[in-house]
Amino acid sequence: MSEDSWSTPESGTPGGLAGAAPAERWSARLAALAAGIGIALISFTLRPPLHNYDGYLYRLQALAPFAGDAINPHHLLWYPVQKAIAMATGALGSPSPEAFQAVGILVNALGLAWFCLLLVQRTGKLVLPFALTLYIALSPRIWHLSLQNQPYPLLDLWVVAFLWGLSEGGSLPAWRLTVCGAALGMAVLLQQGMALAVPAVALGMWFVGSGPWRGRLKTALGWAAATTAGITVVYLGLAALAGVRPSGFIRWTTMYLQEQHGIQLQWPQTAIKSAFGMVSAVVDLSWINDRFNTPPTRRLITGAYGTLLAVGCGVLAMILIKRRHRLRLLHHMRTSAGFACTLALLLAWTAFVILWEPAGYYWCVGLIPVAFLATGQMSRLGQRAGLALAGVLLLVSGWNLKGDYRAELALSVNYPPPMLDQIRAGLGPDDVFIIAGRDWYGNIDYDLLLGCLDDWPRDPAIALLDEYVMEREMQPWQQSLDRDIGSVIMRGGHVYLAKHVLQKETYDDLAEIQDPFSQYYRQEFLGVNEQSLQQEIQKFFAHYELRPSRFRIGGNEFWELKQRE
Numbered sequence: 001m002s003e004d005s006w007s008t009p010e011s012g013t014p015g016g017l018a019g020a021a022p023a024e025r026w027s028a029r030l031a032a033l034a035a036g037i038g039i040a041l042i043s044f045t046l047r048p049p050l051h052n053y054d055g056y057l058y059r060l061q062a063l064a065p066f067a068g069d070a071i072n073p074h075h076l077l078w079y080p081v082q083k084a085i086a087m088a089t090g091a092l093g094s095p096s097p098e099a100f101q102a103v104g105i106l107v108n109a110l111g112l113a114w115f116c117l118l119l120v121q122r123t124g125k126l127v128l129p130f131a132l133t134l135y136i137a138l139s140p141r142i143w144h145l146s147l148q149n150q151p152y153p154l155l156d157l158w159v160v161a162f163l164w165g166l167s168e169g170g171s172l173p174a175w176r177l178t179v180c181g182a183a184l185g186m187a188v189l190l191q192q193g194m195a196l197a198v199p200a201v202a203l204g205m206w207f208v209g210s211g212p213w214r215g216r217l218k219t220a221l222g223w224a225a226a227t228t229a230g231i232t233v234v235y236l237g238l239a240a241l242a243g244v245r246p247s248g249f250i251r252w253t254t255m256y257l258q259e260q261h262g263i264q265l266q267w268p269q270t271a272i273k274s275a276f277g278m279v280s281a282v283v284d285l286s287w288i289n290d291r292f293n294t295p296p297t298r299r300l301i302t303g304a305y306g307t308l309l310a311v312g313c314g315v316l317a318m319i320l321i322k323r324r325h326r327l328r329l330l331h332h333m334r335t336s337a338g339f340a341c342t343l344a345l346l347l348a349w350t351a352f353v354i355l356w357e358p359a360g361y362y363w364c365v366g367l368i369p370v371a372f373l374a375t376g377q378m379s380r381l382g383q384r385a386g387l388a389l390a391g392v393l394l395l396v397s398g399w400n401l402k403g404d405y406r407a408e409l410a411l412s413v414n415y416p417p418p419m420l421d422q423i424r425a426g427l428g429p430d431d432v433f434i435i436a437g438r439d440w441y442g443n444i445d446y447d448l449l450l451g452c453l454d455d456w457p458r459d460p461a462i463a464l465l466d467e468y469v470m471e472r473e474m475q476p477w478q479q480s481l482d483r484d485i486g487s488v489i490m491r492g493g494h495v496y497l498a499k500h501v502l503q504k505e506t507y508d509d510l511a512e513i514q515d516p517f518s519q520y521y522r523q524e525f526l527g528v529n530e531q532s533l534q535q536e537i538q539k540f541f542a543h544y545e546l547r548p549s550r551f552r553i554g555g556n557e558f559w560e561l562k563q564r565e
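Sequential numbering of the sequence shown, starting at 1, is according to our numbering.
It is possible that part of the hints are untrue.
In silico DSSO-like links for lysine-lysine, alpha-carbon gap of 27 Å or less [claimed, not checked]:
no., residue 1, residue 2
1, Lys-539, Lys-504
2, Lys-504, Lys-562
3, Lys-562, Lys-539
4, Lys-499, Lys-562
5, Lys-499, Lys-539
These are calculated hints, taken from the structure and not from any lab test.
Please work from the sequences and hints to get the whole structure.
This is the structure:
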């Protein structure tokens with residue numbers, strides 16, 4: 001096999017199925033079909049309720065009348081996709097949460113079946129690509145996102161289309177350049193962070209080939225310009241639908257940087273969080289993380305992931321320090337557009353994840369490009385080694401599936417309808433309840449729950465930190481809250497106070513700086529004296545009489561507030 005067999009599988013070689021017999025081509029298709037059907041069946045059988053914050057609220061937005069401000073520049077095409085699902089399923093009946101889940105499952109199965117076919121064609125093997133595809137499908141983050149009405153299954157589908165455009169290796173003809181540009185453009189329109197991949201892939205295109213560098217540069221710049229122009233046209237069109245004025249276009253496109261959080265690059269926290277994010281994308285260790293994510297043991301787990309990162313960097317350095325490995329890497333980059341452009345996309349996406357949310361789920365998008373890059377090594381494996389590796393992947397897949405199911409079962413308590421029914425049954429027309437804030441308390445995602453309550457004609461929820469304590473008003477928050485509580489009681493309503501509001505652990509690490517698994521810092525709480533804040537809140541509620549009540553949300557208990565005589 002030639003040195004560049006990674007990128008140019010030929011008929012009769014172990015490196016691919018191009019030009020293979022019809023029986024072999026049908027075997028490849030059947031393996032891909034089996035992978036897609038298997039993924040869909042497992043997902044439909046074990047799917048939890050739709051409990052993810054973003055996924056559930058995306059659905060609510062789609063069911064409401066069209067609203068321009070629901071067009072999200074970070075996931076530009078997702079709102080139109082959600083509206084299309086709502087309209088199609090509404091015409092057939094009620095657009096239930098299950099319908100939105102079904103679309104995610106089917107798109108995920110389709111994309112991974114296509115990817116399995118691509119792996120089979122590139123490696124000339126059947127069992128190993130099938131096992132690798134199943135492993136990717138059951139990896140913790142991809143499993144979660146495919147079931148929770150997220151744009152990432154559709155994003156992965158377009159990443160696969162991009163890799164298919166590169167799959168012939170060598171230099172790229174015009175039609176494959178067009179496929180790659182269109183696929184990457186669609187990926188950008190589904191996840192804004194993919195925009196970093198456009199110049200990176202163009203650089204990879206310029207690097208490949210033996211012709212004059214000026215000609216290669218012209219092709220790469222032309223491709224990048226055409227791709228960027230197509231993306232820009234769609235952004236401008238949807239910005240007009242969203243009612244964005246030309247003067248506010250740039251601010252609108254960077255809305256997440258303005259409103260959610262900015263870039264939070266800190267050493268060594270960002271590096272350690274990146275290690276956690278990468279590990280969480282490939283193997284389920286949630287039971288270990290949950291057990292050790294307590295204030296006394298956080299240093300231990302931070303040190304463990306820091307050590308793992310150092311070992312990984314050391315191994316990579318030992319590989320690259322050898323001249324033959326560097327020469328082989330350079331050879332692949334110079335001779336194969338598939339290798340160079342996929343590596344460029346992966347590095348660009350890695351940069352985005354590190355700068356944005358290094359402990360989050362974004363790393364899982366890189367699994368497909370990594371698997372594509374591994375086809376060269378996979379094609380060189382003998383039959384026994386390939387079967388052994390496939391067996392390991394299937395074992396890890398089983399482990400992941402067990403952890404995935406356990407984690408989703410625990411999180412499914414956040415499926416809003418039962419809790420909303422519980423609130424309706426437990427509250428009178430003038431009653432209100434007070435929680436600490438729009439965050440997780442007692443394993444309940446109150447941010448999601450309050451997002452659903454925002455659509456009620458009268459929202460009975462009070463988020464203490466968000467609506468009173470952190471509001472910068474002229475008068476102290478205590479006066480405002482005391483006045484509003486008194487108004488409810490005077491009307492004959494009841495005021496219920498969540499017990500977690502008075503618990504010390506509620507106010508530990510409000511900014512989530514010490515939590516090694518937090519996706520980003522809550523900047524509004526930076527500089528807050530948490531101990532003083534807790535004492536301030538306890539002192540305020542000490543003026544009221546706290547009586548036991550029957551009101552519950554999930555397993556969270558509430559006091560009833562009564563004014564002292």
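- [ ] List in ascending order the numbers of the hints, as given earlier, that are violated by the structure.
- [x] Of the numbered hints, all hold.
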